[in-house]
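Undergrad: The primary structure of each chain is shown beneath.
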Amino acid sequence: MNKDKVIIDSHAGSFFSFKEIVRYKSLLNNLARRDFLVRYKQAFAGIVWALIKPLINVLIFGYIASKINSGESTALNFLYVASAMLLWQLFTNIFNEVSNSIVGNANLFSKVYFPKIIIPLSTILVCLVDFFISLIILIVLFIIVGQPVHWQLVLAPLFILLTVINGFGIGLYFATINVKFRDVKFIVPVIIQFGMYVSPVIFSTGFYLKRLPEWLHWLYCLNPMVGAIDGFKYSLFGDSIIYNPGYFIGSVCVSFLFLFVGVNYFFKFERSFVDYI
Amino acid sequence: MSSHPIIKADGLSKKYILNKNTSVQSDTLYGNVINGVRGLRNLTRKTQTEEFMALQDISFEVNRGDRVGVIGRNGAGKSTLLKILSRITPPTSGRIEYIGRMASLLEVGTGFHGDLSGRENIYLNGSILGMSKHEIDKKFDEIVAFSEVEKFLDTPVKRYSSGMYVRLAFAVAAHLEPEILIVDEVLAVGDAAFQKKCLGKMNDVSKSEGRTILFVSHNMQAIQKLCNKGLYLNKGKMHSFGEINDIVGHYLQSGEASQSEFKLPVPEEITYGYAHTVFIEDMSGNSLTEIPVGDDWRARVLFKIIKPTNHFIMGFGIVSSFEQPIRTSWSAPEDLAAGDYEIIFKNDDLMLTTGVYTVVIGLSSEQRAFQYVDNVVSISISDAGDTSQNKRIVNTQSGLILNPMSVSLKKLN
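Here the protein sequences line up with chains B and X, keeping their order.
Numbering follows the numbering used here, with no gaps: position 75 of the first sequence is 75.
Numbering follows the numbering used here, with no gaps: position 315 of the second sequence is 315.
Hints were generated in silico from the structure; no laboratory data involved.
These numbers come from a predicted model, not from an experiment.
Honestly, I wouldn't trust all of these hints.
Label pairs and their calculated CB-CB ranges [claimed, not checked]: (1) K158(X) <-> I277(B): 16 to 26 Å; (2) I313(X) <-> I191(B): 48 to 58 Å; (3) I191(B) <-> D115(X): 27 to 37 Å; (4) W49(B) <-> L153(X): 21 to 31 Å; (5) E366(X) <-> G13(B): 45 to 55 Å; (6) G210(X) <-> C253(B): 51 to 61 Å; (7) I191(B) <-> G75(X): 37 to 47 Å.
Far from chain B, some chain X residues (derived; all Cβ distances over 12 Å) [to be verified]: (8) E61; (9) R101; (10) F112; (11) K133.
Even for Gly, the Cβ is constructed at its ideal location relative to N, Cα and C.
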């Protein structure tokens, strides 16, 4: 028999408990499963839709990049854009889904207790499945172009993880605000749209740094997605994609700062969500 | 069995802060614009708020194996107490300690998704209630057998009948194995057969397996049968806590147990007028706290009209505990001058089975609906008295509606 003593008091917040997450891991899986199954139920093309949106983005922005950034070959331009775009979409999906996850599942935690962090965590799983499906596009492009891969490829999972951390940290912060102010629903898409143009998605970091005045460089590199995308490109293409290790490290630090702030903010108010939703 | 408390609650209070809502109807563009502007203005100004104590200084101890019935009128704080105990919302002050695993059933089928199959929903709902995959696997066949939906296990539950849906949902909940179980009366309402099944299952769980149960209900019979301890709440405060028969006695003596007169909340914005009081009575005007099954009854609604109203209509609806509307009746449209009015809805042709029903009341004029009240008035139909004497009813469990059809039998050829 479980002899755990539970104490309930008046604090609005709680603490991150890894033990509880492990105890509720089947809920984590089942919520992710639900979201995934429900999304493509009664859709004729089903899971193919997970490929179509990223494919269209890659084609459009790859074309634009190859027109503007004529320094590289068209094929290489497409590969750069494809790799950055897929990672960027992983970030925006997680950011968007996590920030809406708490409000969207209010019917669950207003009737049953479970650690609420399970909800945003489960959305990450769904976004990751989508991401791995969309990687098919990248693999096919690599094969078509005949681009070789290097040992650095083993680093790729690290940068995917960094992207997850970015989306999750910022998303949790917005998910918490969303409980009280539904304006978040409108703000997040604006941030995402703006964010794409200040991240090395269509163009490389080198492209931006060359054109931005010196005093803006540090600001550009505080964007947590700069580190993740440049790192991912480095793992795929192996050359000196990271233009300045200092900038890269700065960006990664910002990622972890956001994660820390987001998680803290979430747990500070977690227990009183029901009263405000 | 040890008598150490398994749950210890000390000085629990819960305060809600209500925002005074002065917004205009927001389903129009005009309303949206006005509310938007007001919203911006309110950011710089302190909004008017009102405090509401849902619970005040509640302390009690529950021993292992106790079955505690929580009783009190609507709005006494029963649900708030269950929500705090089940960790859905934190108390404003005070603390609770409990030992072991707790599960709460405040709703049947939390998280059920219409697009998922019965099988998928069993896993989803089970895990929401805190069961591990292994536990659900182990209980899966039992759950399916209990729910009687084997054939439709792979059909999306949106295609289920509401009966199948509830059976499946309850089946999952019934196979939880926590040390402490918190149950709201949602589980014990519905048709009598379902109620019996639920109560029977809870009885098994508590008596034979020694689990601790907290159970909220308006059904004193069920509470006395199931529980050994009672907790009586009155307007957020603890009235008494002790042996169930004493507590139920206090409650029934207080006259709070059932109502025949309901005060309706005064709407914030009064346009044409409002209904303020509802009386449930028999046909000669004697108030009825409980309607004997099969008997005629009527609802007398008092309302006020503050300015001449054209085409006034009042609607009166009866809704089952499954939130299934059963019937709605409307008054014939009339032009009314300002003044106080009474309207009577007579129920002399429909026999509903025993249970608690909610009443929905709506008032409208030519222009628009101006008052809508639900969840305030309830009617309770009991099997008080000897139902076998009532020749109109053969069996109170034969369905929601007890009126028989006209039946004719003849020999052919």
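Undergrad: A cut-off of 12 Å on Cβ-Cβ distance, and R101(X) was said to be off the interface with chain B. Does that hold?
TA: violated (5 Å)
Undergrad: Check the non-interface label on K133(X): least C-beta distance to chain B beyond 12 Å or not.
TA: violated (4 Å)
Undergrad: So does K158(X) sit 16 to 26 Å from I277(B), Cβ to Cβ?
TA: holds (25 Å)
Undergrad: If I claimed the Cβ atoms of E366(X) and G13(B) lie 45 to 55 Å apart, would that claim hold in this structure?
TA: Holds: the Cβ-Cβ distance is about 52 Å, inside 45 to 55 Å.
Undergrad: Take the C-beta atom of W49(B) and the C-beta atom of L153(X), compute their distance, and say whether it sits inside 21 to 31 Å.
TA: Distance hint for W49(B), L153(X) holds at roughly 28 Å.
Undergrad: Does 51 to 61 Å hold as the CB distance between G210(X) and C253(B), or does it fail?
TA: Taking Cβ atoms as reference, G210(X) and C253(B) lie about 55 Å apart, which means the hint holds.
Undergrad: Between the beta carbons of I191(B) and D115(X), is the distance compatible with 27 to 37 Å?
TA: holds (31 Å)
Undergrad: Taking 48 to 58 Å as the stated bounds, is the beta-carbon spacing between I313(X) and I191(B) within them?
TA: holds (49 Å)
Undergrad: Any Cβ of chain B at or closer than 12 Å to E61(X), or is the non-interface label fine?
TA: holds (14 Å)
Undergrad: Between I191(B) and G75(X), does the C-beta distance stay in 37 to 47 Å?
TA: Holds - the Cβ-Cβ distance for I191(B) and G75(X), about 43 Å, lies within 37 to 47 Å.
Undergrad: Please verify that the nearest CB of chain B lies beyond 12 Å from F112(X)'s CB.
TA: violated (10 Å)
Checked against the numbered hints above, the structure violates hints 9, 10 and 11; every other hint is satisfied.
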